[in-house]
Amino acid sequence: MTTSTTSTIRTVVRGPALACVVAAASLVLAGCASGSSGGDSTSAAASTSASASSSSEPTPAGDTPIDSITAAIQSPVLAMDILKANDVPTRRALTIAYDRVLKIDNAGQLQPMIAESWANPTPTTFTYEIRSDATFWDGTPVTAEDVAYSAARIIAPDSTAAVAAGWGAVKSVTASGSTVTVLLKQPDNTFAYRAALDWFVVQKQYSEAAGADLGSPTKPGMGSGPYKITSYSVADGATFDLTGTYWGEEPTVKQVVIQTIPDPETARLAMVQGDVDVYFDVPLAATRQYDKAEEIAMTYVTGGYNDMLSMRTTTAPFDDVNVRTAMAYLSDTAGLTQPLFNGRATVAKSIVPAIQISSTINDQAKTDEFYAGIPAIPTFDIAKAKEALAKSSVAGGFTVDLPVDTSQPWMSPYAQNLAQNAKQVGIIINVKNVAAGDWGAGLTDPKASPLQLLALGAGTPSPSELPPIILGTIFNPSAYTTPALTKQLDALAAAPTAADTIPLLTPVLNTANTELPYIPLYDEQTALAMGKDYVWEGGYSYWAIGQTWPEYIRMAS
Amino acid sequence: MKIASFVARRLVAMVAILLVVSFLVFCLLSLAPGDPAVILLGGPSKATPEAVAKVRAAYHLDDPLLAQYWYWLQDVLRFDFGRSIRSQLPVIDAIRERFPITAALAVYSFIITIVIAIPLGLAAGVRRGTRLDRTVTAGSLVGFAAPVFALAVFLIYVFAVQFGWFPVYGAGKGAIDRIYHLTLPAITLAIGQIAIIARQTRAATMDVATQDYVTFARVRAVPARTVWGGYVLRNAALPVITISGLVLAFALTGAVLVEQSFALPGLGTLLVDSVNALDVPVIQAITLLTAFVILSFNLIIDVAYFALDPRLRRGVGA
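In order, the protein sequence lines correspond to chains Y and U.
Okay, so the first sequence: first residue is 1 according to this note's numbering, each after it adds one.
Okay, so the second sequence: first residue is 1 according to this note's numbering, each after it adds one.
Everything labelled a hint here was simulated from the structure, so no lab data went into it.
EDC-like mimics (lysine to aspartate or glutamate), calculated; alpha carbons at most 16 angstroms apart, straight line:
no.	chain 1	residue 1	chain 2	residue 2
1	U	K54	Y	D158
2	Y	K386	Y	D332
3	Y	K171	Y	D158
4	Y	K532	Y	D291
5	Y	K423	Y	D381
6	Y	K219	U	D93
Owing to the predicted nature of the structure, the values given are computational and were not obtained by experimental measurement.
Just chain U, same shape as in the assembly:
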């Protein structure tokens, strides 16, 4: 009951934050240099005053900022995100078309990340100072520092062009084909994520592994699986879950460079194109979606804390 109340309060806060974010983005876009009408018309060399006036009237660009925001908000409450200024097609269609690709890429890379990063981080943390630990630490540094675009080209060249194991580009169609097409992009995205989560797991594990209760458990000959799984991993999980959630949220909102390199028509690419074209309706929609995803993941992470740590459950109502 206390947790339900907590979640309800957070949901209300989420709505308020989404409103604030959308308004701030609206204001910032209005301050950005350039006129969407001029961009739509193909640049200042083509934008006659009459043509600009017609476009600005059609998109309410001459109305006061608050009025523009109100029009937009009213439509959004009806799940109408308007039409793209660039293509004049419904924004919701663009999002609907691209989100599944970005989501598939994010989830795929996240699975790869978790499967590799947590065992590696755990092992490195437990065997601190060993060759394994040094290797994981050095590997993390390399993975974190490697430029994504260079990594993408390298992987394409080796695994697509030389070996021919994977396609060079595209998202594929159908479940199996999509997995096949997204494997190299997911690995590219996962390499940086593995570096982050492995290091976080290592640090958390090192901290927990030296705790007295772990030492006592080992002295009492508690099975190793229980010690590492039930004691160490569970207690080290909170910071790892926090960072994992943020990593997944980041990937879900568009891994721009990976999408560009592998020609994946995802949200990241759409956002970049839209920003360049000052396509306000699309930018607003993606921003709102981004904020929603991040806030949702934060909420899920917080709820996960309660599941993992009974002490937090007791503290909710305080």
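In isolation and in its complexed conformation, chain Y is listed as follows:
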């Protein structure tokens, strides 16, 4: 934990919240933690003005070597294999050790990694040219066969990997010479990002020999990343050391230690004490104390979580758009940003996480123009709520339950506030605190309350990821559907590239923001805590979940 100059460094990163968890590389229900997970700083700052730092930003001191940093995460690194664990904290470790086929930059754009070039000659064909100078930690070269194997195991018929959900469109992965070809069953623009977020390159020979134990403490894996796994256990965390033989530019940090600290307050004290250098995904509700700590520099960037209120439109009284509109007027979304998230969230303008739209458009003015082109969500106004309710069949009000997941700190206070507002127009909302499991089960249970709170995470930069799911057939708690919308969603899902999704998204969001099966609430930011001896060069980003993050750590000048 000392720099090769003099100073001592340690880093830490977190998790739960409840183990909270959010799958990074694919859309996930935010059932854990207060819902913060990665964020994009450079692009977020540029495109949404959401990026901020609570303290003066130090500048990097060049490439001064750093002997060791300690990073903390809130829940443990469950396995060193993406097929076995897909949660964000685990990914923080996997990205250190394993190269991906491509990498993702702060703006959410794809860049070469193990593939030095790639092409998308048809909407259903992707080809990757594998670089010839990459080697595994044992010195053997990374081959196209290894790369193809790394993907084939995800889509294998007997694969039960969570990450496989994002690979449903993949028909085959084959290697020929130095080229890997992926054929899709149908166009899927989100697949392009899977190469950067899910496609971790492992050595075929080692992996086959390890069998079911691959990713375990005894057989952690054989990768080609800049760091090899020196030690690993689920309980004690992991240590990574530079290999010294990396094909790319080596990070300045020689050793990375990842440890689990479930309690954010303990992590804060550990940072104050200097035992921890980096803490990822600080729960937003806990950031007040972090902001006050002189030893800690906080960075907040646009995150990937989109929170919303869901109403089952096939169940009275939510089958009436006037009722749903009234509910939107009753939500004091803006007023609760400070108390719920320490001000580190923005009022959502649609059901699509803002970072997906900003990453895809990648231009602030055009992003603003896009949002101007869709209907605005009704804002808090009791009188207008009363007015909307008066037009419905339940003008006098009604009674409904609202289950809230106690592991997501924002839900209960939000629901209580909504209940107080609703009471003024005759709507009685019974807020029910439930465990995460009960809450999750209720979302898909037709017998559960028709009123639910949701938190969904962006798995890729593509804005077409979420609407076909929550307005389609896979997971649609609102049960809202129309033939016209289904057609629009099909077109959106079939868009060949993420850029093509933007014009196709507009009609979908026009419908969503008018019919309001979901009331978009918040786009949460994501928080990074760093000891003041260090800086994250180039700015932190939500897409750090897909980056070899120690590459960005520098000594502060």
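Let chain Y serve as the given structure and place chain U on it in line with the hints.
Chain U only, in chain Y's frame:
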């Protein structure tokens, strides 16, 4: 011989209870809302019907409950507790990795507890109504009522951050380092335990101290050490041992809040994470271990009764 027979009968009963407990937990978990397959796949937004079907088949989740239990039981009899649904790693490895940390914490805190609580309780019981007694009683109340998480943060702030005497978090590696790392967590855990055992000791001591045989011993000028150690403490020991055993068993099965606060990767943390993820194989294994520890301690306590009280030894065969 009678005691051996007693222990044998208890061991048989233990096996039966473990079977019942494991089956009940299995049934209760099957009734819990949520689908482990959906959780494994990252939530309902990612769980396509095909993916759910594959996971459910892989873990026999579609088989009848009794069949699932039978599969599990057969494996357990071979000391194979299966693989975690959450991490897909062997359950036994997770337990093996975490139990030593929880056990070290439990034993450490228990030693602190016994060293402090019994003398305090004894002194308070003997000097009933004195300032010492009132102080012990009030202190016990405070210790019992103090929220563990708040106590943990307070101790970390004072002794780790301000004074720098102890580390903020972690379990340490190697014997000495582990003791060093576990000192603050053990004190945090011990404070509540001291309150319980000190009060129990005080109550038992008060009861025994007023007995005629104690009065006669003192009148006969039996040395104070003999009176308090051989007469009072020994006769007050039965309820104290009972509660002490349960306190240790509780600590051994995972002091969740202490583990969370000090980032100790013990069984408590593992259980909470597993319950949230409906990780049935891990929950089953920890539950079984918990039941085994509690039953074992109860047996040890009962055997200790015989050692302490000859009247019980005579009554065993009756």
